[in-house]
Amino acid sequence: MSFSSPWYLLGLLGMLVPLIIHLWKMRRAKIIRFAAIRYLLESEQVTRRKRKFWEYLLLLVRMLIIGSISLALAGPYRLESVPALSLGSEQKSLILILDDSLSMRRGKAGGGLFDQAKTVAVSVLDQLSDLDRVGLIVPCRGQETELTQNREQIKNKIRSSQPTFQRASIVPRIARAEQMLAASGPKSKKILVITDLQNASFRDAEALGHFDGEIYFYDLGRDDLAANFAAGPVELSRESISGEESVKVWARVYNFSDQRLEAKLNLWLGDQVLSRGAASVDRWSASEKTFVINLRENMSAEGRIELENQDSLVLDNQSYFHLRGGGRVRALIVDGNWSTDVTSRESFFLERALNPRLYALSRIEPEVISETSLSKADFNNYQVIVLANCWLEDKAQMERIKDFVAAGGGLLITLGDKVDADRYNKMLGDLLPREIREIKVPFSGAERAKEVQPMHIDSSFIGQSDRSPILKPFSSSGQGDPAHASFYKYFLLYQELVPKGRVILKLTDGTPILVEKNFGKGGVIMFASTISPEWNDLAIHPSFLPLFHQTVLYLARSLFEISAKGAVVGEQIELLLPAGKTSAQVKTSRGSEISLNPGQQAAGNVVRISRLAEPGIYYFWYLPAPEPRLKESADFILAVNPDPEESDFRKISIEDLKKLVPASAVYIQTEKGVQSEPSAASQTSKVKKPYHSSFLLLLVVLAGMEMLILVRSGLE
Amino acid sequence: MTFWQKKAEALDLISRIRNLELKAREVAEGALIGLHRSRHRGSSIEFSEHKPYSPGDEIKMIDWKLFGKTDRYFIKQFEDETRIQVYLVLDASGSMAYPEDGLSGSKFEYGRVLMGALAYLLLGQGDAAGAALINKGEFIWLPARSGERHFLELAELLAQAEPQGETRLGPLIFELITRLKKRSLIILISDFFDPENEIEAGLKMLRHHQNELVLFQVITREEMEFPFDRMSWFEGLENEGKVLIDPAQLRKKYLNTIHNWQARLERICQELSADFQLFRTDQNPSALLTAYLLYRSETRRRRRG
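Quick mapping for you: the protein sequence lines, in order, are chains A and B. For the first sequence, position 488 (counting from the first letter as 1) is numbered 502 according to my numbering, and the numbering increases by one without interruption. For the second sequence, position 211 (counting from the first letter as 1) is numbered 231 according to my numbering, and the numbering increases by one without interruption.
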């Protein structure tokens, strides 16, 4: 133990003060001659032992209090040997690269490896001579300090830096360092990377060209890897459309350790644990656990999967997601094949699919009218209008529908024998996702043989939930497969050079069957066949219900919006501002608010958030927007999670490393010594580890003890 | 010793005797004034010329004249039987010298005045009074005699006494027993800060010899209340050694001990049918004496009657 201000140790003499006071008190005590001394002695004898014990204990505690004050003031520290690279005595230019990735947070509470890295960096700076120049790169923060002789400036930057939550890419930073050194003149060029050599930090990197200098890697990652578990990004899927709506949560657990893991998982929704589960994960692998959340109407909730198991890095043990949506939808079905016999109506199957009434709960309330009564309908009551095989009698009504869609309503057009292609193209015009050509009946071989070869929906489209949220239910089994349906008759649509709409589903012959288009604030979807089983048998397949249920909810913008995969920490996000919006505001997972303006970093009406610094849920609002901006009304919600690769502490091999960064010499230094040829002479440098705080803690404990003794013994 | 020294000493002694005599008279008169106010005027410690007949008494001793008047049997008691013989025993041990700031306020001084007053009262009413004390390790004995002149002898003895040495009330009592020729009333004036068993044994022995006992415990306020508050060395007056004590811590325990001892002493007195009276040096001795005398005459009458 050494002391930074040893003069304060003289204060240790102060320990004698309580003793002196004790003796002085004894001496100063006057003598009282007292006749009843016999009874006094008798009483005193009973309590003497106990009292003496407390007295001496109190004396000891008071002496220790003074002692610990003086020791704490003297600033005790321990000199710890830190192996340091010898960078040679020649004049040099050095770039320090300080790995600040998430994995550097592991280890002891607080800074962990990163603190160690800072200590090493400072000790290296202490070795440099005044003529040497040094620069600093902190990869994840993107911080760079050009070569300078001002070592204090670099030291201050090192001391103030903090580890991040993201993954580092070391190789491009080495390339940048080589670039910085290229202009440094004839001095010897050196790069020192202080890192845990985690594989993930070097993944997907392209090998650099030969560097005319030396690269040192200071390897802080231990060979005996500490066990680490991570909760990977959550995947969500719609479990059921009919009945109670629910979401299946696929939680992924990674086990980066040599032992099998019995993972304990908690599913949080809002501020309560909704469900608990366990998963067994093999060593060095991942496993999935599913949970089911029942959705409520109009819900908006932050969720997370939390891994209870203890490991060396706690920060990657949770994974965030967000759920919202689910309002009621009123749909107006305009039946072009109106009949008093309900079963022979065009919309018979659709109406029952949208709300099966007795069989399941549905958020959709369909209402069927004939085309003739369209003029009486008040569109304000509905979010979606379905034109089912209509003739389109009234031009004025079509204009009303256009206005309805432009103002944000949804329109579903289904075709059939009442539809005249030219009339439709003329009456609806821009509203149609594609112009309608003619009816097609797929014959096998010659048309004359009249042998119909039914077409099916292209199954390669169905699994692609990224194509449209409408298809999400079909990414998991259980919702039926639309590919089973047979199409005997359908309209062909015009292929356009610049497509106005987007194809959601195609038939096996390539004909688009479900096409989507945005119009004004609303959207239009056209189904190129009949909604009744007249031209196809989709209506009698199980997939009919979820497909049109989803379509109507989608048009009404009432689908559950589930953001899970979202983004990875450190990612850059660009948002396209909708028409009429000029900027955006984001509320980060920490609660701070940032304004995003277009043109600053990105072109046009695109806003960019350059770095999602921390895991959590981010809320975005497009401005101008009315105050107050509630989380529920956010225009865009993003769940941000750490990259699970960053939780894998396995290291890159020295051979691979040397291939990636070829240089005149590559040294790898660990705490034990140099591992590579040619060997760099290693030496140790001493680092002060102060521990005056231990004495302050002792002081508090002793003061507490003194109080306790005084109370317990009745001494003064 | 020169003549002048002897003379000075003699004068000093005379003045002390005179002083004591005055104080004793004052106390005694004070006590008597208290008594005069009472209904039982003239009654004194021991005045009975007749005692009720009890089986075993000689028949010839029955006062037939009185029988004729009262129709009850009384035994005539001769003069020297009624004239009670009283021994006043004063504890002159070191502890009685407390408090030592001038002898005037000490327990010994208080006891000495009390003893003088009692002697004055007794001799004044014709009783025989004797005295016993250990002075400077020597047993001093003054046989009981009556007559007012005897008071001076007693006063001289008391004036010469000085509290010193260890309390040995036990040996004093045993010595006393060997000298007593007939049963007597023995008034013990002491702080009774003695080994309890010795005191108990001594008192029992006195009682066994048919003596009547009266215990006057003289004690100071400091001993009863222990009003000290600073940490001090406490030193005994009879070479018990000294001890460093924080009074605040020990007060409760001490008061407990001393009260226990007093309670025990009173219990012993009860068992031995002895009277016990506590005298605190900060209280007026006349008043306490009056109270005691009243109490005694009351209980006597009750016993007799």
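Hints may be right or wrong, so weigh each one.
[Unchecked claim] Quick list of in silico lysine to aspartate or glutamate cross-link-like pairs, DMTMM-like style, CA-CA up to 25 Å: (1) A:Lys262 to A:Glu249; (2) A:Lys44 to B:Glu195; (3) A:Lys171 to A:Glu160; (4) A:Lys39 to B:Glu260; (5) A:Lys39 to B:Glu255; (6) A:Lys64 to B:Glu260; (7) B:Lys224 to B:Glu195; (8) A:Lys64 to B:Asp249; (9) A:Lys44 to B:Glu258; (10) B:Lys262 to B:Glu286; (11) B:Lys43 to B:Glu182; (12) A:Lys535 to A:Glu646.
[Said to hold, decoys possible] Taking CB as the label site, the calculated pair distances span: (13) A:Thr61 to B:Lys71: 37 to 45 Å; (14) A:Ile34 to B:Gln290: 51 to 59 Å; (15) A:Thr61 to B:Lys224: 49 to 57 Å; (16) B:Glu158 to A:Glu56: 27 to 35 Å; (17) A:Glu56 to B:Glu286: 14 to 22 Å; (18) B:Ser35 to A:Glu56: 39 to 47 Å; (19) A:Glu56 to B:Lys80: 19 to 27 Å.
[Said to hold, decoys possible] Partial selection, computed: residues in chain B whose CB lies under 8 Å from chain A: (20) Trp84; (21) Phe87; (22) Tyr93; (23) Leu257; (24) Asn259; (25) Glu260; (26) Leu270.
No lab work stands behind these hints: they were computed from the structure. Small disclaimer: the values here were computed from a predicted structure and weren't measured. Just so it is clear, CB atoms sit at the ideal spot from N, CA and C, and this is done for glycine as well.
Tested hints:
1. A:Lys262 to A:Glu249: 8 Å, holds
2. A:Lys44 to B:Glu195: Violated, at about 39 Å.
3. A:Lys171 to A:Glu160: Given that 25 Å is the threshold and the Cα spacing comes to 12 Å, the pair holds.
4. A:Lys39 to B:Glu260: Within the cut-off at roughly 23 Å; holds.
5. A:Lys39 to B:Glu255: 17 Å, holds
6. A:Lys64 to B:Glu260: This hinted pair holds, its Cα atoms lying about 23 Å apart.
7. B:Lys224 to B:Glu195: Status holds; Cα separation ~14 Å.
8. A:Lys64 to B:Asp249: At roughly 20 Å apart (the allowed maximum being 25 Å), B:Asp249 and A:Lys64 satisfy the hint.
9. A:Lys44 to B:Glu258: 19 Å, holds
10. B:Lys262 to B:Glu286: Between B:Lys262 and B:Glu286 the Cα gap is close to 29 Å, so the pair fails against 25 Å, i.e. violated.
11. B:Lys43 to B:Glu182: 17 Å, holds
12. A:Lys535 to A:Glu646: Cα-Cα ~20 Å, so holds.
13. A:Thr61 to B:Lys71: 37 to 45 Å: Since A:Thr61 and B:Lys71 have Cβ atoms about 55 Å apart, the given range 37 to 45 Å is violated.
14. A:Ile34 to B:Gln290: 51 to 59 Å: 54 Å Cβ-Cβ, so the 51 to 59 Å window holds.
15. A:Thr61 to B:Lys224: 49 to 57 Å: Violated: the Cβ-Cβ distance is about 33 Å, outside 49 to 57 Å.
16. B:Glu158 to A:Glu56: 27 to 35 Å: 30 Å, holds
17. A:Glu56 to B:Glu286: 14 to 22 Å: The hinted range 14 to 22 Å holds for A:Glu56 and B:Glu286, with Cβ atoms some 19 Å apart.
18. B:Ser35 to A:Glu56: 39 to 47 Å: For B:Ser35 and A:Glu56 the Cβ distance comes to about 41 Å; the hint holds.
19. A:Glu56 to B:Lys80: 19 to 27 Å: 58 Å, violated
20. Trp84: 57 Å, violated
21. Phe87: Violated - the Cβ of B:Phe87 stays beyond 8 Å from chain A, reaching only about 55 Å at its closest.
22. Tyr93: 51 Å, violated
23. Leu257: Interface hint status for B:Leu257: holds (5 Å vs cutoff 8 Å).
24. Asn259: 10 Å, violated
25. Glu260: For B:Glu260, the interface hint holds, since the closest Cβ of chain A sits about 5 Å away, which is under 8 Å.
26. Leu270: Constraint on B:Leu270 satisfied, holds at 6 Å.
When held up to the earlier numbered hints, the structure conflicts with 2, 10, 13, 15, 19, 20, 21, 22, 24 and fits the remainder.
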